[in-house]
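Colleague: Just so you know, the sequences run in chain order A and B.
Counting in my numbering, the first sequence tops out at residue 302, every number present.
Counting in my numbering, the second sequence tops out at residue 345, every number present.
Check the hints yourself; a few may be wrong.
Said to hold, decoys possible - Here's a subset of chain A near chain B, in silico, CB distances under 8 Å, partners left out:
id: 1; residue: A109
id: 2; residue: G123
id: 3; residue: G126
id: 4; residue: S159
id: 5; residue: T167
id: 6; residue: E168
id: 7; residue: Q169
id: 8; residue: D171
id: 9; residue: R174
id: 10; residue: L176
id: 11; residue: D179
To be verified - Listed next, the stretches of chain B that the computed footprint assigns to chain A, with coverage defined by at least 3 CB atoms under 8 Å from CB atoms of chain A:
id: 12; stretch: 99 to 112
id: 13; stretch: 152 to 164
id: 14; stretch: 167 to 179
Derived from the structure by calculation, the hints contain no laboratory data.
Idealized CB from N, CA, C, for every residue including glycine.
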Amino acid sequence: MLDWLKLQVLALQNFVVLSGRAYINLFRSPHYLDDIFVQMDTIGVGSLPIVLLTGFFSGATITLQMSRALNQYGASGEVGQIVAISLVRELGPVLTAVTVAGRNASGMASELGSMKVTEQIDAMRALGTDPAQKLVTPRLIATAVMEPLLTILADAIGLLGGYIMAVVALHLTTGQQYWSSAHQALEFDDIIQGLLKPFIFAQVISLVGCYYGMFTSGGAQGVGRSTTAAVVTSIVWVFVLNLFIGQFFVNLK
Amino acid sequence: MVETARNGAVADEVLRLENVTLRFDALTALDRVSFMLRRGETCVIQGAAGSGKTVLLKIALGLIKADEGRVFVFGRDMTGAPEREWMEARARMGILFQEGGLFDSMTIEENVGYPLENIKAAQCPPDEVRPRVEQALQFVELGHTLEKVPSELSGGMRRRVGIARAVVTRPQLVLYDSPTAGLDPITATTIMALVAKERDTRQTATALATHRYQDGHLLANYVWDPARAELAPAKGDCSAARTRFVVMGEGRIVFEGSQQELEDSTDEYISQFARRWKE
């Protein structure tokens with residue numbers, strides 16, 4: 050039991066040290082711009098189709114599920130409001146984060162993990178580069194920039210999905226009413242919350258992915274273990290942090 | 067007689083470890099290891115798998131920090147030195163990792179040019195990178211592979227690119243970690259010929275970890291003949307004659323001496339590294 054605890058404390062210490070170095074490197078040269086753009090392409094453009102699909106179907110599903118309840122109260126015209134609030138505050142950031150975690154935390158852990166077990170990380174240090182600077186910081190920057198943008202797109206396409214379901218398929222309301230109810234429902238702090246969440250989730254996802262990659266040991270099997278652990282840990286943290294950020298904004302009111 | 071500098075460093079030493087100990091949890095990877103390499107010397111480190119050969123080389127490069135003991139590189143005490151100072155020291159060292167350690171997302175040209183572009187202390191102007199890369203690749207007879215990626219090359223070729231990358235900065239000390247592991251005997255001899263070529267053409271200090279006695283035998287008895295572009299038997303006082311053998315067992319140096327002393331050893335563990343080949 051004591052050994053297990055020691056291991057956990059050591060893992061936390063390693064994570065904090067790696068994260069600290071990744072943040073300090075933001076203000077230190079050299080900056081590997083090429084690597085940042087490559088990562089932005091992989092994380093942002095690469096995740097776009099899946100994020101858009103997830104957003105679209107989420108918006109449509111919320112509308113479908115809410116339609117019966119809203120009809121019961123004769124409030125079907127308010128469907129736009131429900132879709133907008135639930136997407137912008139919760140589902141957009143969380144589903145995008147889960148998708149990015151599944152796709153990119155695993156990618157980072159497996160890529161860096163393979164580099165670790167084939168001594169490429171050691172080679173990098175031996176050949177004059179700080180691996181945290183070259184590998185972790187670009188991934189941190191790229192995820193922190195791209196995830197909020199992906200979330201905005203997921204929210205937008207989710208609202209479109211809701212619109213198609215509400216107006217075209219179920220005839221719950223008119224298009225004009227749908228969009229104006231959605232627009233009126235959203236307040237400034239919803240938007241802030243909806244953008245702050247992905248910004249924070251992105252940092253957790255990229256740092257957790259990189260941490261598991263950089264501390265991989267035990268050959269191909271170790272890479273597999275790291276990849277799984279990176280996805281599971283980052284998703285758990287997304288849900289935990291989502292509650293705390295939500296709580297913070299609820300208390301603000 | 068060797069001169070002794072103020073900090074106890076020997077004048078022409080390139081690498082010195084003093085009572086270095088390293089533990090991984092309950093396992094002692096290195097146990098009070100002391101070891102020195104001088105300019106122009108070759109040291110062949112042998113030992114069973116897990117005996118601490120790789121760890122020893124990584125400590126010499128500052129990739130792993132020792133728990134106890136002192137590490138001197140080029141006469142400078144690097145014990146507890148910050149990464150910045152290690153970067154400067156590494157500019158004068160080359161390393162070939164066990165599997166080559168090539169970056170598989172980069173081309174061969176980018177791989178070999180990597181230390182020139184990233185080690186500031188190497189002070190290589192951008193327009194000199196390509197010629198130096200070409201020169202290093204020609205040294206290992208792979209001048210035609212610039213645009214390829216590592217996965218397109220065979221295991222032996224990857225190892226040769228690894229050597230090109232290790233020597234492209236013209237280091238004074240080159241560390242080779244099992245350069246012949248997993249290669250067929252002919253390719254292994256080609257690789258060892260390149261190790262001897264680098265040592266003899268540039269008088270580089272060489273530390274080579276291996277589990278094959280033939281590798282050490284070759285370095286101790288042959289020199290690179292530039293006129294015939296092949297290995298020739300060593301005569302007189304040459305770099306080959308300054309080859310020492312070290313045998314490691316369970317994190318300790320259990321033998322240090324000449325090839326003859328190694329072959330004469332009656333210790334069961336030590337002699338197996340000479341006997342295996344003789345049989």
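Colleague: Give a verdict on every hint.
Modeller: Okay, the hints, checked on the actual structure:
With a cut of 8 Å, the hint placing A:A109 at the interface with chain B is violated, because the nearest CB-to-CB distance is about 39 Å. Because the smallest distance between the Cβ of A:G123 and any Cβ of chain B comes to about 60 Å, over 8 Å, the interface hint for this residue is violated. Hint status for A:G126 relative to chain B: violated, with the closest Cβ pair at about 54 Å, above 8 Å. Below 8 Å, beta-carbon pairs count as interface contacts, and A:S159 has none with chain B, the closest being about 13 Å; its hint is therefore violated.
A hinted interface residue such as A:T167 counts as satisfied when its beta carbon comes closer than 8 Å to some beta carbon of chain B; here the least separation is about 6 Å, so the hint holds. Against a cut-off of 8 Å between C-beta atoms, the interface hint on A:E168 holds, since the closest Cβ of chain B lies about 4 Å away. For A:Q169, the suggested interface contact is upheld, since its CB lies about 6 Å from the closest CB of chain B, less than 8 Å. Interface hint status for A:D171: upheld, as the beta-carbon distance to the closest one in chain B is roughly 5 Å, under 8 Å.
The interface hint given for A:R174 holds, since its Cβ lies 6 Å from the closest Cβ of chain B, which is under the 8 Å cut-off. For A:L176, the shortest C-beta to C-beta distance to chain B is roughly 4 Å, which falls under 8 Å, so the interface hint holds. Because the smallest distance between the Cβ of A:D179 and any Cβ of chain B comes to about 7 Å, under 8 Å, the interface hint for this residue holds. For the stretch 99 to 112 of chain B, the stated coverage by chain A is violated: 0 residues have a C-beta nearer than 8 Å to a C-beta of that chain, whereas at least 3 were required.
Only residues whose C-beta sits within less than 8 Å of a C-beta in chain A count toward coverage, and the stretch 152 to 164 of chain B has 7 of them, enough to reach three; the restraint holds. Counting residues of the stretch 167 to 179 of chain B whose beta carbon lies closer than 8 Å to any beta carbon of chain A gives 4, which meets the minimum of three for the stated coverage.
Hints 1, 2, 3, 4, 12 from the earlier list are contradicted by this structure; the remaining hints agree with it.
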